[in-house]
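S.K.: Sequence:
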Amino acid sequence: MRLAQVDLNLFVVFDTIYSVRNLTRTAEILSITQPAVSNALSRLRKTFDDQLFIRTPQGMAPTPVADNIAVQVREALQLLNLSVQEGNRFCPESSDKVFRLSMNDLPEALLLPALEEELQGIAPGLGIESHYHSRQDAPKALASGTLDLAIEVPLMSDPQLCHQPLVTDQYVCLVRSDHPVVGDELTLDDYLALGHILVSSRPGGMGQVDAALNNLGLARDIKLRVKHYMVAPLVALRTDLALTVPSRLAHQYNARILQLPFEMPSLEWHLYWHKSSDLDQANRWLRERLLQQQLDLTPPTPINITTMNTKI
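Per the working numbering, the very first residue in the sequence shown carries number 1; after that it's consecutive.
Derived by calculation from the structure, the hints in this document are not laboratory data. Please note: incorrect hints may appear among the correct ones.
[Said to hold, decoys possible] Derived DMTMM-like pairs (lysine to aspartate or glutamate); straight-line CA-CA distance at most 25 Å:
#1 46 with 67
#2 46 with 7
#3 275 with 108
#4 227 with 240
#5 227 with 210
#6 275 with 158
#7 46 with 15
#8 97 with 288
#9 97 with 137
#10 97 with 129
#11 140 with 50
#12 227 with 67
#13 227 with 129
#14 140 with 240
#15 275 with 75
#16 140 with 67
#17 97 with 28
#18 223 with 185
#19 223 with 190
#20 275 with 15
#21 223 with 240
#22 140 with 288
Model the full structure from these sequences, guided by the hints.
M.R.: In structure tokens, the structure reads:
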């Protein structure tokens, strides 16, 4: 078999199936029909004289042959992709590209308002779509091109991903300004005596704050567990519950904000992208905007809870 006898588009199909392990999803990503994907897989099987992918309840499982060639196929496609991208110029002023980002509701609230404000001024045709992908799914989405960038804590270790520190922030304790117990200082005994709000995307288990307390042999009293960051301050500002959150979020509210009475690791967010997008002009442009935004970040105008005090 010679390379000239092989349709190189088949390798694009192979790489996408290998990334997402699903023929229907592969068809959606490549904007082709599912029969076309099945036909391409059939031709690949004949080319390599191997099944390559076996249908299982968990998806299309690669055979040892597929595992052996996957890295080389992806590297070859990346080189071809980079060759094309080197010649592409990105003009944000006239582009109507839609960037697809992954982040949870906290970076959405802290980053997207300023980013969208900047884009409206310099690149009004551009669009942003933000949907959260888990740390398990984000590398596959970045590899397949369905995701341009991901903002996550630095726990994704896929060797095909590039990343750069984006935000570092300290945790603080937020209570309502007229809290009946908490004064201008917060001792460890004061903190542990309060009822607390825990923000976690998981239905159970300890959060980062609880892990830090657990290392000291301590535990706090969790009265409310919620999935999203943006609802938690609204609860804290209307109750006696305390909320431990990053400083940038806390300072968006007219509330009493206090230093934690124990050591707590900083919150870190990194900006992730796939190696195949490293030289892509559009991807690089948006990365620069996000990184520059952090250098230019000014304190947000605090939200006055009295304007939100309508009973529901």
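S.K.: For the pair we were handed, residue 227 and residue 240, check the Cα-Cα distance against 25 Å.
M.R.: Given that 25 Å is the threshold and the Cα spacing comes to 20 Å, the pair holds.
S.K.: Please verify whether residue 275 and residue 15 have alpha carbons no more than 25 Å apart.
M.R.: holds, 14 Å
S.K.: Just to be careful, I want the Cα atoms of residue 97 and residue 28 compared with a cutoff of 25 Å; is the pair within it?
M.R.: Given that 25 Å is the threshold and the Cα spacing comes to 18 Å, the pair holds.
S.K.: Are the Cα positions of residue 46 and residue 15 separated by 25 Å at most?
M.R.: Within the cut-off at roughly 17 Å; holds.
S.K.: Just to be careful, I want the Cα atoms of residue 227 and residue 67 compared with a cutoff of 25 Å; is the pair within it?
M.R.: violated, 37 Å
S.K.: Could you grab the alpha-carbon distance between residue 97 and residue 137 and see if it respects the 25 Å cut-off?
M.R.: holds, 23 Å
S.K.: Taking 25 Å as the top limit, are the C-alpha atoms of residue 223 and residue 240 close enough?
M.R.: OK: residue 223 and residue 240 at ~11 Å, within 25 Å.
S.K.: Given the hint that residue 97 pairs with residue 129, test it: the Cα-Cα distance must not exceed 25 Å.
M.R.: holds, 11 Å
S.K.: Going straight from one Cα to the other, do residue 140 and residue 50 come out at no more than 25 Å?
M.R.: holds, 24 Å
S.K.: Please work out if residue 140 and residue 240 have their alpha carbons no farther apart than 25 Å.
M.R.: violated, 43 Å
S.K.: Given the hint that residue 223 pairs with residue 190, does the C-alpha gap stay at or below 25 Å?
M.R.: Distance of about 16 Å is within 25 Å: holds.
S.K.: Starting from residue 46, check that the Cα of residue 67 is at most 25 Å away, please.
M.R.: holds, 17 Å
Hint check: violations occur at hints 12, 14; the rest are consistent with the structure.
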